[in-house]
Amino acid sequence: KKRKEKKRQDKTRQEIRQGKARQVTKTGLNLETRTSTEEMSVFVASVSALLISIPVIIIFFVTLYYWSKWETRRQEAKELNAALTGNRQLDAHASPHELA
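Residues 1 to 100, numbered by UniProt numbering, are exactly what the sequence shown covers, in order.
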């Protein structure tokens with residue numbers, strides 16, 4: 001088991017020397033060593049997460065915009081209906097059928 005670990009460390013050191021891997025350090029502590037393929041996969045994952053989140057955010061705001069527009073129109077229709085029927089009470093829970 002120790003030999004296997006030593007072999008892995010030697011391979012890692014060799015990769016660092018060849019420039020295939022880079023040591024990721026945090027406050028002077030050598031936490032881990034990442035190979036270039038690992039770094040690439042982390043990069044690809046972060047980019048894909050970003051590309052997925054952008055349309056989701058756009059869809060959210062577009063939905064919000066149209067919902068507020070629809071809500072405003074609904075409120076205006078309710079007020080107009082109340083004015084036409086002479087019923088000036090604007091009940092938030094009243095349906096158009098109740099007002100008519």
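Hints are computed from structural coordinates only; laboratory data are not their basis. The reader is advised that the hints may include incorrect statements.
Below are the SDA-like pairs computed for lysine to any residue, each with C-alpha atoms no more than 20 Å apart in a straight line [as the list claims (entries may be wrong)]:
| id | residue 1 | residue 2 |
| --- | --- | --- |
| 1 | Lys78 | Ser68 |
| 2 | Lys69 | Thr85 |
| 3 | Lys2 | Thr12 |
| 4 | Lys11 | Ile52 |
| 5 | Lys69 | Ser53 |
| 6 | Lys11 | Leu50 |
Label pairs and their calculated CB-CB ranges [as the list claims (entries may be wrong)]:
| id | residue 1 | residue 2 | range |
| --- | --- | --- | --- |
| 7 | Thr63 | Lys7 | 14 to 22 Å |
| 8 | Ser53 | Thr85 | 30 to 38 Å |
| 9 | Glu39 | Lys6 | 18 to 26 Å |
| 10 | Glu15 | Ser68 | 50 to 58 Å |
| 11 | Ser48 | Asn81 | 29 to 37 Å |
| 12 | Glu76 | Ser41 | 17 to 25 Å |
| 13 | Lys7 | Tyr65 | 34 to 42 Å |
| 14 | Thr12 | Leu64 | 46 to 54 Å |
| 15 | Met40 | Gln14 | 33 to 41 Å |
| 16 | Thr37 | Phe61 | 33 to 41 Å |
| 17 | Thr63 | Ser41 | 54 to 62 Å |
| 18 | Lys6 | Ala49 | 31 to 39 Å |
| 19 | Tyr66 | Glu15 | 33 to 41 Å |
| 20 | Arg73 | Ser46 | 35 to 43 Å |
For every residue, glycine included, the Cβ atom is placed at its ideal position computed from N, Cα and C.
Consistency of the hints with the structure:
Note on Lys78 and Ser68: the hinted pairing holds, with a Cα-Cα distance of about 15 Å set against a maximum of 20 Å. The straight-line distance between the Cα atoms of Lys69 and Thr85 is roughly 25 Å, outside the 20 Å bound, and the hint therefore fails. Between Lys2 and Thr12 the CA atoms are separated by roughly 15 Å; this keeps the pair inside 20 Å, and the hint holds. Taking the CA atoms of Lys11 and Ile52, the gap is about 36 Å. The hint is violated against a cut of 20 Å.
For the hint pairing Lys69 with Ser53, the CA-to-CA distance comes to about 25 Å; that exceeds 20 Å, so the pair is violated. Restraint check for Lys11 and Leu50: the C-alpha separation of about 34 Å exceeds 20 Å, so the hint is violated. Separation of Thr63 from Lys7 is about 56 Å and departs from the stated range, judged on CB atoms against 14 to 22 Å. Separation of Ser53 from Thr85 is about 48 Å and departs from the stated range, judged on CB atoms against 30 to 38 Å.
Separated by about 24 Å at the C-beta atoms, Glu39 and Lys6 satisfy the suggested range of 18 to 26 Å. Checking the proposed 50 to 58 Å range against Glu15 and Ser68 shows it holds: the Cβ atoms sit about 55 Å from each other. The hinted window of 29 to 37 Å between Ser48 and Asn81 is violated, with their beta carbons roughly 50 Å apart. The beta-carbon spacing between Glu76 and Ser41, approximately 53 Å, falls outside the hinted interval of 17 to 25 Å.
For Lys7 and Tyr65, the Cβ-Cβ distance of about 60 Å falls outside the hinted range of 34 to 42 Å, so the restraint is violated. Taking the beta carbon of each, Thr12 and Leu64 are about 50 Å apart, inside 46 to 54 Å as hinted. At roughly 19 Å, the beta-carbon separation of Met40 and Gln14 lies outside the given 33 to 41 Å, and the hint is violated. Evaluation of the 33 to 41 Å hint for Thr37 and Phe61 yields a pass: the beta carbon distance comes to about 37 Å.
Evaluation of the 54 to 62 Å hint for Thr63 and Ser41 yields a failure: the beta carbon distance comes to about 33 Å. Between Lys6 and Ala49 the CB atoms are about 37 Å apart, so this pair conforms to the stated range of 31 to 39 Å. Taking the beta carbon of each, Tyr66 and Glu15 are about 53 Å apart, not inside 33 to 41 Å as hinted. About 41 Å separates the C-beta atoms of Arg73 and Ser46, a value consistent with the hinted range of 35 to 43 Å.
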